[in-house]
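> Chain U is fixed; fit chains D and L onto it per the hints.
Protein chains in written order, with our numbering: chain U, 1005 to 1234; chain D, 390 to 693; chain L, 260 to 435.
Any given hint could be a false lead.
[What the hints assert, rightly or not] To be clear about the criterion: a stretch of chain U counts as covered by chain L if any three or more of its residues have a C-beta under 8 Å from a C-beta of chain L, and this derived list gives those stretches:
{"#": "1", "region": "1121 to 1129"}
{"#": "2", "region": "1200 to 1214"}
{"#": "3", "region": "1223 to 1231"}
Calculated directly from the structure, the hints in this document are not laboratory data.
For glycine and all other residues, C-beta sits at the position ideal for the given N, C-alpha and C.
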Amino acid sequence: MSDMKFTRALADPDHALKPAGRPGPLGKPLVLANDGLPEEEKAWFCDAYPTASGPYKGILENFLNWARSKSLWILGFGTGCGAIELRPLMTSRFDMYRFGIQPRPTPRQSSVFVIGGYASVKTLKRIVRSYEQMMGPKFVVALGSCTINGGMYWDSYNTINAIEHYIPVDVYIAGCMPRPEALLAGFKELQRKIRRGECEGAVKYAENFEWYKANQKKVIHDWNMPDYNY
Amino acid sequence: MEPSIPLRIAYAFVSLAVITVYGLLLIGSMARISAKVQGRVGQPVWQPFIDIIKSSGKRNSISHGIMFWLGPVFRLAGGVGTYMFVPAVLGSVVFQNFSMSGDLLLVMYFIFFGQLGMALGASEGGHPYSAIGVSRGLAQMTAFEVPFALSIISIAVQYGTLDITKIVIAQQGGWQHWTLFTNPLAVVAAMIAFLRMSMHNPFSVVIAPQEIPIGPPTEYQSNLLGMLQTNRAVFNGAKLVLYMNLFFGGATNVPVMVVKTFLIYFINIFVGQAFPRFRVDQSIRFFLGVPTLIGIAAVVFIAF
Amino acid sequence: MRTIPADIAERFEVGPLVEKRADLSTLDVDSKDVPELLARLRDRHGYRHLSFATATDLFEEGVFVLTYMLHNHEERHSLGVKCRIGRENATMESCHLLWEQMWTYQREMKELFGIDFPGSPRVDESFVLEGWIDIPPMRREFDTREYSERTFPTRPGRSTKDPATHMKEKLYPEAL
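Isolated chain U, as found in the complex (with noise of 0.2 Å):
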């Protein structure tokens, strides 16, 4: 991870982000053009860059950390074959309750996203879309060997072969389909590493977002919805 380079001066201006140029219908200037929808519907959709807040410091956040770790709420999205793992979690042999894990419906409620194997370039686009809609401290645990170097379709026109360019990942559990147990080790490691502070994965998107959207738009040529779906 550490050789990617998040570079401002992008090498495709063609998928650039473009501002609109123009003021909005309340009269404030807009800042983001969402080219991909139709003239009426830009008013009603967000406009804005996504802001980074930051960490709070020291024991709150060590606190507010801890509380995270212990309550992680996946959504209900099963990306690919992968989330075939996730339902023997919640049986009883597995048990992901225990650790405080519980599937919730909606994007706005959860805070884990559990990218289960392979992703189109259909499944990237609600990938994506349902990425930007969750909330504050967000993470995200790529199962499988698809994600991380393209597994068993690394030479297919349709699955893209290394997700962490299109949304910031935190945990990998390789594998093909990884077991239960393996996802269990690595929702564990997920908590240790909420603990120390290092998934900041919210943050990384907004700071960078210029270059996950330009990574976005190249592979996703139908953009029919707003640059950003907060």
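Same frame as chain U, now just chains D and L:
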């Protein structure tokens, strides 16, 4: 001697804090009991506290307008209002709340008020699933109010008063004086209505977590969700205390209150685990059928 | 030993009936005869069920081979009707009036191979590839590996090993 107004307000805060903590622990322990029934270990008993801390500690929050903010406020106001006019423990100065200032009708109003506020707030959110959940919730609420109101009327006729403290005093002197044994039909109708009030199966279609994403609270997050979660505890505790006072003889000290409310909630969980979910039209038809007849029978039985 | 039914043999120019298995045979026919042949097989010979319709790209011969797999439930026999169409401006008559679900297979073939079925409902809508701007990807001239390397960045350091040579090196290094 009557304590002064600032002291009463302080006691009311203490009482509210106790019922909040108790309600959250109740939710947590019921989840753990359900897990044990299913053969799992389950989440720890204090998990609802951690969930509220986490929700309040989120760094972003979105709002869809003033009414969206006010929705959880109304809901919490409904919960707190329900609790404040019910004497939690008979004869205790600390837990008396403000029961001298309001009677049973005011408490019933607050029960309804919370749901209405939530409906307005959820509709402002603009999510289509919120609107579906809201319409379901209000439809079911109008249905379950019928047997509930009939049972309240029956109680009022039986004891000749709407003041909750007087109703509790009339039930003292041994368990034979409880409304459960002197007016069982009213109790049956009210307990069926209680299943819907706490949104348990078979009437849980409003929140329907697998069907529409969680119903009215779909768009609520961060602080607002923390408020809704706190209200869940307060409102539950208030309704349990109300039922204990009206039908099961009230409580003269805190341990008795804890035990009685725990057992009343246990009946809900017991029935809820065993049943699947009714559709909205089925539940409305159910409520306007047998429970209404039981309520009418209770009123008639008491009047003669 | 199956034979081609008499009424089909006298109406259409059909190729030989090739028996692949006891319950599977294929039949070659000219592409303009396909709708009537499918209708006749469905109505008079009991092949009521459409299993699938797909295309194969014979790049060297410059044709697409379309296969319509029909199934007869009474005799438990599947019959694949094959026809050939040219690869350039590939068009085929739509059979969605025979079986309603045919529109899904035709939509898929349009997106992945570029075979047009004029009149088929919703044939121009994207099926799995939203926003696809290259040639239809199942064509043999489309290099999927090159496309993937060009479009999707990877993590450096990926390597693959042939399992046989890897195990040989590991177990018998002195033999190599």
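> Please write out, lowest number first, the hints stated earlier that are contradicted by the structure.
2
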